[in-house]
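Colleague: Keeping their order, the protein sequence lines are chains A and B.
Under the numbering used here, the first residue of the first sequence is numbered 860, with each subsequent residue one higher.
Under the numbering used here, the first residue of the second sequence is numbered 860, with each subsequent residue one higher.
Simulated from the structure, these hints should not be mistaken for laboratory data.
A few of these clues could be false.
Put simply, identical chains are the same to the list, so a pair is met inside one copy or across any two.
BS3-like mimics (lysine-lysine), calculated; alpha carbons at most 25 Å apart, straight line [stated by the list, open to error]:
1) 964 x 988
2) 887 x 1292
3) 1044 x 953
4) 962 x 986
5) 1018 x 1292
6) 1252 x 988
7) 1100 x 1201
8) 928 x 953
9) 1229 x 1168
10) 1018 x 988
11) 1252 x 1240
12) 1201 x 1240
13) 1237 x 986
14) 970 x 1292
There are 2 protein chains.
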Amino acid sequence: MQKFYILVLWFVSFNVQSQTNDSVQIRKIYDYYLTQSKTYSNLEYLSTKIGGRLSGSPKAAAAVTWAVKSMYAAGADTVILQPCMVPHWIRGKKESCSISSFKLKLNKELKCIALGSSVGTEPLGVKAKVIEVKSFEELEKLGEKEVKGKIVFYNVFFKQEHIRPGTAYGETVKYRSRGASYAAKYGAVASIVRSMSSVADDEPHTGNMNYDTSLSKIRITSIAISYVAADILAEALRGDKELTVSIKTDCSMRPDTLSYNVIGQINGSEKRNQYLTAGGHLDSWDNGQGAHDDGAGVVQTMEMLAMFKILGIKPKHTIRAVAFMNEENGLAGGTAYGKLAKENNEIHIAALETDAGGFTPRGFGVDTLKGLYNLVVKWQKLFEPYLIEKIEKGGGGADLIGLEKLGVPCIGLEPDNQRYFDIHHTAQDTFDKVNKRELNLGAGAIGALFYLIDKYY
Amino acid sequence: MQKFYILVLWFVSFNVQSQTNDSVQIRKIYDYYLTQSKTYSNLEYLSTKIGGRLSGSPKAAAAVTWAVKSMYAAGADTVILQPCMVPHWIRGKKESCSISSFKLKLNKELKCIALGSSVGTEPLGVKAKVIEVKSFEELEKLGEKEVKGKIVFYNVFFKQEHIRPGTAYGETVKYRSRGASYAAKYGAVASIVRSMSSVADDEPHTGNMNYDTSLSKIRITSIAISYVAADILAEALRGDKELTVSIKTDCSMRPDTLSYNVIGQINGSEKRNQYLTAGGHLDSWDNGQGAHDDGAGVVQTMEMLAMFKILGIKPKHTIRAVAFMNEENGLAGGTAYGKLAKENNEIHIAALETDAGGFTPRGFGVDTLKGLYNLVVKWQKLFEPYLIEKIEKGGGGADLIGLEKLGVPCIGLEPDNQRYFDIHHTAQDTFDKVNKRELNLGAGAIGALFYLIDKYY
Chain A
860 MQKFYILVLW FVSFNVQSQT NDSVQIRKIY DYYLTQSKTY SNLEYLSTKI
910 GGRLSGSPKA AAAVTWAVKS MYAAGADTVI LQPCMVPHWI RGKKESCSIS
960 SFKLKLNKEL KCIALGSSVG TEPLGVKAKV IEVKSFEELE KLGEKEVKGK
1010 IVFYNVFFKQ EHIRPGTAYG ETVKYRSRGA SYAAKYGAVA SIVRSMSSVA
1060 DDEPHTGNMN YDTSLSKIRI TSIAISYVAA DILAEALRGD KELTVSIKTD
1110 CSMRPDTLSY NVIGQINGSE KRNQYLTAGG HLDSWDNGQG AHDDGAGVVQ
1160 TMEMLAMFKI LGIKPKHTIR AVAFMNEENG LAGGTAYGKL AKENNEIHIA
1210 ALETDAGGFT PRGFGVDTLK GLYNLVVKWQ KLFEPYLIEK IEKGGGGADL
1260 IGLEKLGVPC IGLEPDNQRY FDIHHTAQDT FDKVNKRELN LGAGAIGALF
1310 YLIDKYY
Chain B
860 MQKFYILVLW FVSFNVQSQT NDSVQIRKIY DYYLTQSKTY SNLEYLSTKI
910 GGRLSGSPKA AAAVTWAVKS MYAAGADTVI LQPCMVPHWI RGKKESCSIS
960 SFKLKLNKEL KCIALGSSVG TEPLGVKAKV IEVKSFEELE KLGEKEVKGK
1010 IVFYNVFFKQ EHIRPGTAYG ETVKYRSRGA SYAAKYGAVA SIVRSMSSVA
1060 DDEPHTGNMN YDTSLSKIRI TSIAISYVAA DILAEALRGD KELTVSIKTD
1110 CSMRPDTLSY NVIGQINGSE KRNQYLTAGG HLDSWDNGQG AHDDGAGVVQ
1160 TMEMLAMFKI LGIKPKHTIR AVAFMNEENG LAGGTAYGKL AKENNEIHIA
1210 ALETDAGGFT PRGFGVDTLK GLYNLVVKWQ KLFEPYLIEK IEKGGGGADL
1260 IGLEKLGVPC IGLEPDNQRY FDIHHTAQDT FDKVNKRELN LGAGAIGALF
1310 YLIDKYY
């Protein structure tokens, strides 16, 4: 019995001791991020010197070149360029959208933006009456009789009452992604969606759309209009159902282009063929600077390499920071990453993505697969001083799609993103919207978590 | 025994039922704030139409007038103006501060701002050599021999490694508040402090200072210079210890002025002489718009009146929203509030202040006095869906000083204020820095808490 007690005591004291050591190390990790890291200056370069970098564009290629150099500068032992063919959609000339109503004596330009992957209009544009709907169900009920030859206007509000704005985004994004094909099914000539915006301003929000050939084989132009523009259009339609809207877009899809995931790697000291991946996506929409989405994630995870090197921590597993390509309109990078992991027989222990903005981190969503959640949740106390309180079951990120298919347990960083959908996919997603402390606290949370996973997994 | 079980079951089911009712009601409360409230538009008016409103100024008087009207508009049964005599400090003409070094061939203006309550310089200013210190201890060691006739420069950094930026502020603010008298004790002719800033920019941060006659009876001018200016001055001093700095300020203290706390009140249906107070402070520094500090707190707490009225909730206790006067440089309003509560034999159940910026709320700091913490912490589950996770022992706010003296249990709203000390007391504390959702989530947390306290206390 006494032996048992001694064992218990030893175990408890070992545990307390190791948590103390870890808490000291985590404090050093946070000190590094908050006082020495290059996270913020790297983001400044990526956002302001390169800027918006849609897959396939010269700026995306410049971002790849920058990421290679920056991964080495951060201390990568190796930088791997992982090829993937990406869609190459171009916006062309600036879009326009205007209302015209003889009855209301109204001629008004509306702030608009073409949705990614959309076809352009004929050079003279498309002009038609408008049918407003609040849901796909309403559209179906109206049917071809009411819809044919018209422009469908999805006037669906981003619900402010959701506490997590991502919930409101999740509810409405289907009108952006599938709205055009749904409208085309009933003979519509174009599709307009109210921007998925948490703020009532005049910024149009872009984002990807897809042509769903199961709904319609006809590809019609699809644009988003700003929140304010949507209010104007809805109000005008109340006064005149016969008003017309003219849309001109110049966008088009070019042949797929070769691009790359950029992987910065610190080789593991003990388990070199076992990988821990943390990443964000390098591509962004073209209208802003891709600062929060997802320059922040790229620089946060890249900085982990510098943290390990500068603090002299030698990870057992191979640590990878990955700047994924093509999250916004195709997931070619994330898919390739999983495919190559399988082909190369890499053993992936865990993977994290941060793609919800560079805001104050509040928690992690962690996969229950292979005991990862049970492991991470034990560290709750270690994270509390850093105001990371929510270690919840969850996980993943769009770019981890390839690894998820291989059964790799995934983690998502969860920031306080109340402000995210004010600027998401708009011209306002710029460097000045990112706060240095918030960005570095997110990077610190990732660095501390990876230190622990590497040590205890 | 069976009876006992039935009792337990009844109790448990009652408890579950009441928590369900409460969760429905709290959802309605949040819906109100997130979709209908005037919090944000009220803040826009206060910040952009009235603007910076230092105690005793015409703008502070305009803010009082606005607050009376707005409290009635929010649904107050009564609006009480509670008199208090406030200091009336005026900045006068814009301050200047410049370095001059013959050796370095350097003549440079530094971004600076006079500290509140400071005396001005002579019309021609003060020009002297500079002695840089990192602490009061260092100043003491240097003593009169090294300090006399010079300008003391407190070059103390705001430590970025603190996870809560308020900790860094707490460490450095003593150089702002007591630095001048400490310097005067050793014969200094003026005092300069590095701005308490969490960002390395060129904005000087003002704030109040006090002349501590126990240290020195001589009142010398005291200014803050920006983070960047402090770097320039420190660098120049490394090159030339003999450089001079010239300071001109035009500030002065006028006779105390009559001002007011503005109290908007909903009369209690059952316990009319028992009060629940929630407040922020109406005065602000003159250089910005006082948006986060503390227009946010004023509009958040004022909106509680509208919430009770519009949702038809009749509170048992008398509910007060208080726009306190003179938090920034005297606490005359907070002091008067407690004094009058005592004189009028008011019974104050609990009081809350929100004065840490209109950011996403994360928790409450709650006094353990009279069982308040034990009560509030039971509601943790009710707050979880609203991402309020930290119900901690703590409490208070500067304006509650008067009530605290009477033993009233106090509460502080705790927002995620990582960005606060970037703009705190600067010209950048403007309306555009406040996010509508974040502001309303804070208001919602206060509204929900007061609904519960009123119901269960």
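Colleague: Quick one: residue 1044 to residue 953, C-alpha cut-off 25 Å, is that within a copy, between copies, both, or neither?
Modeller: neither (27 Å within a copy, 66 Å between copies)
Colleague: Using 25 Å as the alpha carbon limit, work out where residue 962 and residue 986 are close: within a copy, between copies, both or neither.
Modeller: within (17 Å within a copy, 72 Å between copies)
Colleague: Should residue 1237 paired with residue 986 be assigned to within, between, both, or neither, using CA atoms and 25 Å as the limit?
Modeller: neither (60 Å within a copy, 60 Å between copies)
Colleague: Is the C-alpha distance from residue 1018 to residue 988 at most 25 Å within one copy, between copies, in both cases, or in neither?
Modeller: Result: close neither inside a copy nor across copies, 27 Å intra and 60 Å inter.
Colleague: Within, between, both or neither: how does the pair residue 1018, residue 1292 come out at a Cα-Cα threshold of 25 Å?
Modeller: both (23 Å within a copy, 22 Å between copies)
Colleague: With identical chains, the pair residue 1252 and residue 988 could be close in the same copy or across copies; at 25 Å between alpha carbons, which is it: within, between, both, or neither?
Modeller: Neither: 48 Å inside a copy, 61 Å across copies.
Colleague: Up to 25 Å between alpha-carbons, please classify residue 1252 paired with residue 1240: within, between, both or neither.
Modeller: both (17 Å within a copy, 18 Å between copies)
Colleague: Classify it for me, residue 928 with residue 953: is the Cα-Cα distance of at most 25 Å met within a copy, between copies, both or neither?
Modeller: neither (33 Å within a copy, 47 Å between copies)
Colleague: State whether the alpha carbon distance between residue 1229 and residue 1168 is at most 25 Å within one copy, between copies, both, or neither.
Modeller: Answer is neither: 29 Å inside a copy and 52 Å across each miss the 25 Å cutoff.
Colleague: If the cut is 25 Å between Cα atoms, do residue 1201 and residue 1240 qualify within a copy, between copies, both or neither?
Modeller: neither (36 Å within a copy, 43 Å between copies)
Colleague: I want to check one pair: residue 1100 and residue 1201. Are their C-alpha atoms no more than 25 Å apart within a copy, between two copies, both, or neither?
Modeller: neither (56 Å within a copy, 65 Å between copies)
Colleague: Using 25 Å as the alpha-carbon threshold, which applies to residue 970 and residue 1292: within, between, both, or neither?
Modeller: both (22 Å within a copy, 24 Å between copies)
Hint check: violations occur at hints 2, 3, 6, 7, 8, 9, 10, 12, 13; the rest are consistent with the structure.
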